[in-house]
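Participant: Heads up: the sequence lines are chains A and B, in that order. Reading the first sequence from the start, the letters are residues 10 to 402 in the numbering used here. Reading the second sequence from the start, the letters are residues 10 to 402 in the numbering used here.
Among these hints, one or two may not hold up.
Same chains, same label: a pair holds when it works inside one copy or across any pair of copies.
To be verified - Simulated crosslink set (SDA-like; lysine to any residue; CA at most 20 Å straight-line):
#: 1; residue 1: K108; residue 2: E245
#: 2; residue 1: K289; residue 2: A87
#: 3; residue 1: K344; residue 2: F261
#: 4; residue 1: K81; residue 2: K107
#: 5; residue 1: K344; residue 2: L310
#: 6; residue 1: K60; residue 2: K368
#: 7; residue 1: K69; residue 2: R11
Simulated from the structure, these hints should not be mistaken for laboratory data. These numbers were taken from a predicted model, which means no experiment stands behind them.
There are 2 protein chains.
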Amino acid sequence: MRCGQGIEARQVDELFINIDPIQAAGRLTGDAMKAVIAYGDGYSVCDNCRKPNRLDYIAKPPIAEFHKDVAKWLNMDAVRTVPGARRGFQAVAQTYVKKGDPVLLTSLSHYTEFMAVEGAGGIAREIPVGDDKRVTPDAAAAKIEEVKREFGRAPVLAFIDHVDYQYGNIHDVAAIAKVAHQYDIPVVYNGAYTVGVMPVDGKALGVDFVVGSGHKSMAAPAPSGILAATAERENEVFRTTAIEGDVTKRRFGIKEPEMMGCTLMGVTLVGMMASFPHVKERTLHFDRELANHHVVMDALLSIEGTTCMSEYPRKHTMTRINTIESFDTVAETHKKRGYYLQSALEERGITGIIPGATKIWKFNTYGTTKKQAEHLAGAFVEIARENGLTVRE
Amino acid sequence: MRCGQGIEARQVDELFINIDPIQAAGRLTGDAMKAVIAYGDGYSVCDNCRKPNRLDYIAKPPIAEFHKDVAKWLNMDAVRTVPGARRGFQAVAQTYVKKGDPVLLTSLSHYTEFMAVEGAGGIAREIPVGDDKRVTPDAAAAKIEEVKREFGRAPVLAFIDHVDYQYGNIHDVAAIAKVAHQYDIPVVYNGAYTVGVMPVDGKALGVDFVVGSGHKSMAAPAPSGILAATAERENEVFRTTAIEGDVTKRRFGIKEPEMMGCTLMGVTLVGMMASFPHVKERTLHFDRELANHHVVMDALLSIEGTTCMSEYPRKHTMTRINTIESFDTVAETHKKRGYYLQSALEERGITGIIPGATKIWKFNTYGTTKKQAEHLAGAFVEIARENGLTVRE
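Throw the hints in and build the complete structure from the sequences for me.
Facilitator: Rendered as structure tokens:
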């Protein structure tokens with residue numbers, strides 16, 4: 010089935026249980042799908058754009074209200090939508106980082122934070138992580154002191170991922186932010202794996218900015234995301250334009266240069282808005298998601314030789330698993346080589362693991378029902394048994 | 010009909026002939042609509058992302074091929090997709106403009122170009138336009154000389170809109186680019202109103218960059234667009250990342266900092282791709298669009314007191330019209346005040362004019378059929394007559 014010249018219609022989430030680490034929490038809700046159809050056209054949300062002509066002031070569809078609701082939900086003071094979390098990082102980096110400035114990241118920071126730092130001319134300095142793959146406030150303090158010795162000044166900005174993309178571990182952002190603030194370093198909370206998935210309270214975390222990803226964790230089309238700021242910081246990153254045309258003397262009202270004016274004009278924004286009530290609700294039930302995740306983890310860890318590389322017990326549904334001593338031993342002699350695992354999973358209606366991966370891989374059970382989690386658990390055990398691996402009862 | 014809590018389903022382009030100046034050429038094609046449904050989920054295009062893990066290398070759906078096709082179509086050497094034309098401007102500005110650098114714009118430049126210049130710390134210098142509202146190479150040369158006197162150096166970058174957003178006039182980009190190149194100024198061609206609407210040949214124009222808007226003129230969802238570069242410039246704006254993690258020694262492969270890594274992960278990109286064959290074809294028939302536009306223009310100009318503020322005869326389907334001496338004279342006494350015009354148009358199945366506007370307004374007939382153009386023409390004349398305005402036969 011095609012949806013355009015040479016473009017096969019995608020049916021991954023219709024035909025399979027999808028445990029792709031980055032796709033699981035981005036799947037559209039039914040309402041988002043309807044919104045996508047109704048607001049597909051480019052400038053679809055601009056029908057009722059009136060003065061002062063800025064996206065976040067539009068009342069119909071209720072974009073202005075959505076901005077307020079998201080700010081309240083995150084317990085922050087101001088929110089803008091952005092074309093992906095990365096564009097939120099970029100806006101903050103461009104505001105605070107000048108050429109040669111040190112910026113604090115962590116050894117588990119996502120590459121898009123590095124891109125934001127590089128784009129602004131900053132120099133990356135990573136907080137090291139311990140053997141437990143967690144970022145601690147002590148390590149943050151030590152790194153800041155190290156940066157001070159190296160640069161003669163503290164980092165100008167810190168990016169801290171609440172849940173990192175490599176292990177899905179939870180890091181103590183509140184304590185790290187407290188340390189950073191002792192050095193007057195503004196803190197960006199990277200909530201790409203949390204905002205839309207579990208409750209996030211910006212004020213309780215004590216961060217200056219909260220960044221969320223629409224397409225990663227808010228059941229929204231790509232590219233979409235949000236950037237939230239405290240009242241103290243909003244006038245910095247969301248400052249309005251000051252440039253003027255020298256001939257026409259034109260000025261550009263309340264447009265914000267870091268946002269490049271308006272941000273998400275159509276399907277991305279309305280998709281995010283349509284999913285929002287469902288997303289808000291689902292964050293209150295993250296315990297159920299974790300319970301389902303543990304059903305799958307228990308099964309995986311019952312396969313001898315399998316180890317969990319993420320913190321354990323799991324506090325997030327995205328996990329890094331090591332099957333070098335289990336599934337990978339089969340790959341050596343299997344006629345499908347390393348592809349047998351993916352193939353056996355697909356036969357059971359499961360997808361989302363990197364094809365050929367049998368050593369170290371990640372998966373995310375977010376959004377699965379209990380029944381689906383049990384099916385996943387059963388599938389892993391069955392495939393292990395079929396291939397002669399030992400499964401503990 | 011709702012498509013989510015508090016969100017009315019939009020039916021503007023289903024129920025009306027829409028002559029909104031910015032929406033007309035962004036309406037999705039049937040294939041784009043299908044693609045939007047099939048690829049609604051966030052990371053939908055990433056199912057088959059393999060090493061080197063960059064969006065424009067993905068073969069299925071045929072994203073890599075699309076990038077090559079667009080480059081060829083524009084007669085440029087390299088193309089990337091971006092979340093809106095403005096993000097293309099931003100990438101180029103961040104590459105060439107440093108704090109305090111003068112940047113050449115025009116008195117008709119779009120505000121997003123100013124945002125890009127401001128974000129990079131540049132200073133805007135506008136080429137003035139004559140009474141005919143056109144930017145000439147002579148005026149460009151004079152302005153560059155003026156900037157040299159003021160700053161002691163030429164502008165570091167020039168943004169030239171081929172068709173401006175204010176009048177829809179066509180400006181002689183090729184001649185202006187020639188002048189700019191005499192001063193070694195790289196030229197960004199703003200094709201927000203041309204790429205996807207009429208043929209664009211980057212090499213013939215002699216520009217360094219071509220920027221197009223997916224949601225304005227390529228029948229794609231928002232935010233989307235393209236940034237094309239010549240072989241000479243591609244390694245500058247599309248340079249790969251050089252940043253490194255000091256602890257982990259991580260580097261980030263061939264990710265491009267000005268693109269913030271990958272750009273359009275889902276619905277926006279596939280929508281643009283699905284529309285592309287149709288968009289390519291339609292640019293070959295811009296003459297038909299102009300013929301239809303002239304049917305409407307003839308009708309409007311037959312209403313006594315109405316004048317065309319854009320260049321005339323029209324060379325683009327987006328036009329600025331002055332009805333102060335015609336439709337606006339009715340508004341003074343009409344019980345609906347200035348809203349009567351919009352109201353009368355809507356009764357006839359026409360929408361897209363700013364509500365209440367009867368003085369100076371813009372409209373775009375792009376994509377109307379001959380029959381629709383005749384209906385539009387008839388509607389304007391009929392409304393004029395009904396309200397006692399004189400219509401020349």
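Participant: Take the hints in turn and mark each one as holding or not.
Facilitator: Going down the list of hints, with the structure as the test:
Proximity of K108 to E245 under the C-alpha cut-off of 20 Å is found in both arrangements, the shortest distances being 18 Å within a copy and 18 Å between copies. In the homo-oligomer, the alpha carbons of K289 and A87 lie at most 20 Å apart inside one protomer (18 Å), although the nearest pairing across protomers, at 42 Å, exceeds that limit. For a Cα distance limit of 20 Å, the shortest separation of K344 from F261 qualifies neither inside one copy, at 64 Å, nor across copies, at 34 Å. Proximity of K81 to K107 under the C-alpha cut-off of 20 Å is found in neither arrangement, the shortest distances being 31 Å within a copy and 37 Å between copies.
In the homo-oligomer, the alpha carbons of K344 and L310 never lie at most 20 Å apart, since the shortest distance is 25 Å inside one protomer and 76 Å across protomers. For a Cα distance limit of 20 Å, the shortest separation of K60 from K368 across copies, 17 Å, qualifies, whereas the shortest one inside one copy, 57 Å, does not. For the identical chains of this complex, K69 and R11 are inter-copy neighbours only, at 12 Å across copies versus 34 Å inside a copy, given an alpha-carbon limit of 20 Å.
Violated hints, listed in ascending order, are 3, 4, 5; each of the other numbered hints is respected by the structure.
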